[in-house]
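Heads up: the protein sequence lines correspond to chains E, X, V and D, in order.
Note that this note's numbering has the first sequence beginning at 1, numbered continuously upward.
Note that this note's numbering has the second sequence beginning at 1, numbered continuously upward.
Note that this note's numbering has the third sequence beginning at 1, numbered continuously upward.
Note that this note's numbering has the fourth sequence beginning at 1, numbered continuously upward.
Watch out, some of these pointers could steer you wrong.
Just so you know, same-sequence chains aren't split out, so a pair can sit in one copy or run between any two.
To be verified - With a straight-line Cα cutoff of 30 angstroms, these simulated BS3-like cross-link-like pairs (lysine-lysine) come out: (1) Lys15 <-> Lys194; (2) Lys179 <-> Lys15; (3) Lys194 <-> Lys179; (4) Lys108 <-> Lys68.
Worth flagging that the hints you see were computed from the coordinates, not collected in a lab.
Number of protein chains: 4
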Amino acid sequence: MGLVNAAFSPEALLKLRYGNLGICHTRYSTTGISELQNCQPFVVDTLHGKIAVAHNGELVNAQALRKKVMRHGVGLSTSSDSELITQLLALTPPMEELDAPDWVARIKNLMTETPTSYSLLVMFKDVIYAVRDPYGNRPLSIGRVVPVSKLHSSGAGDEDTEGWVVSSESCSFQSIGAKYYREVLPGEIVQISKHGVKSLSVVPRPEGDLPAFCIFEYVYFARPDSIFEGQMVYTVRQRCGRQLAIEAPTDADVVSTVPESATPAALGYAQQSGLPYIEVLCKNRYVGRTFIQPNTRLRQLGVAKKFGALTDNFAGKRVVLIDDSIVRGNTISPIIKLLKEAGATEVHIRVASPPIRYPCYMGINIPTKEELIANKPEFQDIAGYIGADSVQYLTVEGLVSAVQEGISSLQKDKMISSSNTSGGRVGHCTACLTGKYPVELEW
Amino acid sequence: MGLVNAAFSPEALLKLRYGNLGICHTRYSTTGISELQNCQPFVVDTLHGKIAVAHNGELVNAQALRKKVMRHGVGLSTSSDSELITQLLALTPPMEELDAPDWVARIKNLMTETPTSYSLLVMFKDVIYAVRDPYGNRPLSIGRVVPVSKLHSSGAGDEDTEGWVVSSESCSFQSIGAKYYREVLPGEIVQISKHGVKSLSVVPRPEGDLPAFCIFEYVYFARPDSIFEGQMVYTVRQRCGRQLAIEAPTDADVVSTVPESATPAALGYAQQSGLPYIEVLCKNRYVGRTFIQPNTRLRQLGVAKKFGALTDNFAGKRVVLIDDSIVRGNTISPIIKLLKEAGATEVHIRVASPPIRYPCYMGINIPTKEELIANKPEFQDIAGYIGADSVQYLTVEGLVSAVQEGISSLQKDKMISSSNTSGGRVGHCTACLTGKYPVELEW
Amino acid sequence: MGLVNAAFSPEALLKLRYGNLGICHTRYSTTGISELQNCQPFVVDTLHGKIAVAHNGELVNAQALRKKVMRHGVGLSTSSDSELITQLLALTPPMEELDAPDWVARIKNLMTETPTSYSLLVMFKDVIYAVRDPYGNRPLSIGRVVPVSKLHSSGAGDEDTEGWVVSSESCSFQSIGAKYYREVLPGEIVQISKHGVKSLSVVPRPEGDLPAFCIFEYVYFARPDSIFEGQMVYTVRQRCGRQLAIEAPTDADVVSTVPESATPAALGYAQQSGLPYIEVLCKNRYVGRTFIQPNTRLRQLGVAKKFGALTDNFAGKRVVLIDDSIVRGNTISPIIKLLKEAGATEVHIRVASPPIRYPCYMGINIPTKEELIANKPEFQDIAGYIGADSVQYLTVEGLVSAVQEGISSLQKDKMISSSNTSGGRVGHCTACLTGKYPVELEW
Amino acid sequence: MGLVNAAFSPEALLKLRYGNLGICHTRYSTTGISELQNCQPFVVDTLHGKIAVAHNGELVNAQALRKKVMRHGVGLSTSSDSELITQLLALTPPMEELDAPDWVARIKNLMTETPTSYSLLVMFKDVIYAVRDPYGNRPLSIGRVVPVSKLHSSGAGDEDTEGWVVSSESCSFQSIGAKYYREVLPGEIVQISKHGVKSLSVVPRPEGDLPAFCIFEYVYFARPDSIFEGQMVYTVRQRCGRQLAIEAPTDADVVSTVPESATPAALGYAQQSGLPYIEVLCKNRYVGRTFIQPNTRLRQLGVAKKFGALTDNFAGKRVVLIDDSIVRGNTISPIIKLLKEAGATEVHIRVASPPIRYPCYMGINIPTKEELIANKPEFQDIAGYIGADSVQYLTVEGLVSAVQEGISSLQKDKMISSSNTSGGRVGHCTACLTGKYPVELEW
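Chain E with its partners taken away, still in its complex shape (with noise of 0.2 angstroms):
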């Protein structure tokens, strides 16, 4: 429970060292509670030994599978999804050798099951297996853990190592000393043992689906320095900022970013646009929990406390002001309403997304339809709404040709592997903006 640096101390990480596998994975609660029981990874018992799993994702058909296992006669002991896909492993398969486990099989089976979406790191003895769902819709990647000898002539020491490493972000990679080495293809079994990594399957879609590859990690979600689909999430970021400034260009002085996830985008725009790069906004690092609860006055003065105005930068100035994205509408009012205060004679908020409409079912904590701003009668006059001197969004069209652009660019350089993109046919998962889910939803 609690952050990881919190979860994981010194200690705790100590009594691992003699180990040489292992799995984990941070589960951001995207229901509100926070719950011991759901962490992660669950491990079971079972005539074979212990199998541990991992999970990222949200399974489409959870509520129907649920049943399922508990009409067998097991015991769900959560509302975790993971839990249930641990079951669904347990389960011994009627054609199964008794005393041989056949987990390929077993995972094959869970993915005939269930469609999407799930990343998946299963642990049994000495292998891990590493799954992605058939549509691809949650990341995985894998890196190479480069031994110290192999860089330096100077030996390296008694915890030099060399070994496999799998991570939903492959910017995780760099920090302990490995390489961005493949993604995990939509559907692919691969297996990581002591014989290093190898591709046992690669599970197809029903004929005729794309892949469905959530378009938000690129928007949003993902470090700038990942790579997903053979691009840097950076570059897409850019490249987005440069649509945008072709779809609604601003007669302005300046182009800023609301730090610090917007940056990418702002510098896209401003290249594009050919108007000054300039910061408007300052961090404040040291806003914390106790002051997000802001009293009557504070909420009344409709304070940005998360951000500092850096006046002199502005005054007197017509800003254009990249988001990467506007979810409720509750933020950016009072990031344009310090700008006026501090002198900004213009500000037109450019968002490098389209507006977000409908719920995810895959994973991703969107609020409900109701929360979001793009459903609410006020979305007719946005700009009024937030206090802005224009709004424009980018459209479905420009991001996913932002996206896809790159892919394309790779695949006629053969740079990047044709089953990623189904027989050169890319697709990805633009639910929350098109009301299009990748698979029927099961209730």
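Fit chains X, V and D to the known structure of chain E by using the hints.
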């Protein structure tokens, strides 16, 4: 995790104020490892809704049952017998109607799968089932919550209530304003609901088997004001002291106790022997964990840290010191040293129970055979080993008769149910003293 | 802050392993507010180096002294008398040589500034001064740490040691392997250093004033195995019980105790009266803070949560119940109710000390005058108020004679120093019982 | 103790809701030892009531002053300068009337005892005195709390308020709805009470001495949206970047920053040099304490844990990387390695401040002389040592002119007070760069 008072803060208890049904269990970690996941009650979701199970005891055939459950495809997430019981109850029996779970049938089925030892509370929706295994190895009592308004003419407030409470030890009833009602009988399934308490069934033991209530509850574990089989534990202990005075009289000046648990036996010994009862030790209530690990010096001094000597009471006198049991023989030795250094001319140890020689597989945490003083070579000269002038134990026969004497007189007076005593035949588990286990142990 | 065991973790104690001198003090917060800044010892830096002061007691003229110190220009950072003492010791006396602090002179000077009450440990560099105020109001004893090597032929390990220890209560010596050596006398300054223990001076009381050791240490506060003025506390309490049996005999069947503090008096009463001693209450060791705030229902039930009734021991009998003191009258009432509901035909309360009527200004936390039951109108019919069949207290004369009888016989046998008893004249502070304070109170 | 958000829980803050005056100070532990007793404010009780003192800075003559205070007989309970100041203020001056403390005289007296460095808030009853030392070494600003009702026509709620706030950095004003009002001048005593803000006195420096505001506040410490001497810190940093581009131009393809503190200087460098500004590093916000101690392997790899490389932005390019300062030289080296491994063909380091060579005795935590890279032999080939293609620092003259240029133009426009700049003469403390301390240091 932790002590009850720490685990259940006033805030946590406040959250429970609107329910009218609940179960809990304080599990003393017998394995030395306290694990959060072993916390009780176990709660699992089934086709019909959640069931919760609190369990006191240890299944004699746990390993075989685990295999059976796992062969069915259930992954077990802990090493706990109690989770095993919960999953066994969750399993749909083949004959059951799909939409009408027959919990009593399931509980009876469980009781045929495992003979002992368990006292259970099973909660489902608005009903609690209180269950005791056919041998009655672990205790279970029912109490009645008395409404204030029936006691006082002054009308009761909003929080007044009436109801039922079930507990291992009846001593807990008084402090919440409840009265002892009766014991759950060996093999009995009692239903508690808004309709009150109702006995549903008594599952019999195999022909010829006697009940096997743990005799050590009388000797050591239970609080003296608890009632088992119709008699107060204090009275049984006092009777043990009297019996000990008959079996092992001493030529001495005074009788005393190792406070506080041996006091009833010491008073019984004094009454029977005619020797004056005095106090020789005063308990140090502030000895805590920090000081439990003494340094080399204190270990060499052999200091009795938990007790202070009431020197003036016994200096120059011959002391009979009553203890309730001697398990490892480590604690009595520094006490004898303390008394002698403070001026006792002789110290005779009389133990109000027989030597413990065998492990318990039914839920009681007894040291390994090798650690038990009664199995060590030193036991041949136990007095010399612990520094006493003489040491004598109560016999097994003496203990059994001290325990059963009270039951017999109650039976004669028809004050207790014959079910409890198997058609007039009384029986107790004395396995730790005699090696005779109530059921054959499966491995 | 917090209990000693919690505040001093094994890790914290390990840091202290290389020193050979130390002082500490556990301060029971008498004001209800526990403040970290009032934690002892107080340490201040002076021209000559750091001094540290541990203080037990309360200065009768604190307010006047504070003013005096502050007039000199010293800002006081706490409301604590102990800081005041520390700053008074830090003040350079006018006559002192600048580079040779005369701590003994400074301590004597302090003792002329404030007559009582204080027992002090003052540490400076490699010396500790143990000091007791001229009235000897608070206790202070010296113990000798016995090296193992002198006790056992087996050579001692590295941690063996010999030395001295000073404590309010001598009961603490045994558990660290020390022996009671002697008391610090009223007004005495004792120096403890590597050269051993040395009496430096005895500051006299004003002509005609008797010593004034707190009589309530005997009655209630001290552990029964502690020694004051040459006699064991337990023995004094037992004598109080005997005296009570003489002053307040009862027509009853059995004598019992409110465990555990009243047990010596109860045994004394039983011996003197010839009535049998039995146990009627069993202490619930697991009652903790959570349950201290009962809800309306439990408050109305008046449940004695701390105790269980040993019903079978007294049902149908007339009980004399001995208590050590009755302060507010809140706790005895539910106990009587408990005994009567469990079958006692009569309950007679005999209190082994006189009623408390006056506040203490010398370090003991006594409720306000209004809260003391002896000052309430209900006291006229105290038996009716608490539900007893009769209530009788020990007289002040009875208590004083029970305390002083032991000292007189020791004096006769020349076993204790005459300094301790002011030329053969014994005296005790009975202010809380009589309103006669040992010194005039300044306000 | 601990971070502000942890130390001040919402519950703790709620207790403060009924006061209308308060001071606090977050003390960054410069000695490495965080001690509870050094927590501020220091509060002492005096003859006239409590005074509380919050202090930012470090007294250059602390040792001499401590001796002086202790000679007067005051025991100091901490090693803190701030306690010393508090006790100095508590000392009654010889001439003062006994019942009328003259705090302003006492503060002036304090200012004659110690020239620098301190910014103080002194609270006594219903008045706060804001004080800045005559050299103005540490910052201190006053803000005005704006009532909501003056801003909005909508009537304000109960919590609306107006008032004054004093802070080291003006950036804190905005987040509580206050506006920058003015700086406290060097040597000024400002009184804040219900009557508003009133300047009471300006204590002069010795003839000829310039003000000595810490130049490193501009370079490194302050948040960029703070205002000192009439100018925004961000603007000064940007000017330092421009000046650096003039002093140290580079033949390269792109300019970038070590985020986030060097960004204003990097943008200034880019503007002046005409090179494009890009981002090369992305900050890893989740690097915490656990990971700060890398194991041998990670240390050998020299991994830049705090940053991820935005590879695609600079692969194949020559990068000018702007840093704000290089203290020990440990952090820049792995960053350069990271950029080169990710494909940068050249990495040129340009530092927007001069090398630090001397210790600070005025409140800033600077490593020892030996730890400073500028004092090590390796500094001769700093580029080789850290792995850069070239390294250049801003000159002291360049820094001073970048700082003072803004002040001069403000003076010219008569926009800032001449008191602030000593009759038109501007001065700053550059001791850590030049070894020239504003006052002679006493030892």
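For each hint, the structure was consulted:
1. Lys15 <-> Lys194: within (22 angstroms within a copy, 45 angstroms between copies)
2. Lys179 <-> Lys15: within (26 angstroms within a copy, 44 angstroms between copies)
3. Lys194 <-> Lys179: For Lys194 and Lys179, the Cα distance is within 30 angstroms only inside one copy (18 angstroms; across copies 63 angstroms).
4. Lys108 <-> Lys68: Both, since 17 angstroms and 25 angstroms are each at most 30 angstroms.
Hint check: no violations occur; every hint is consistent with the structure.
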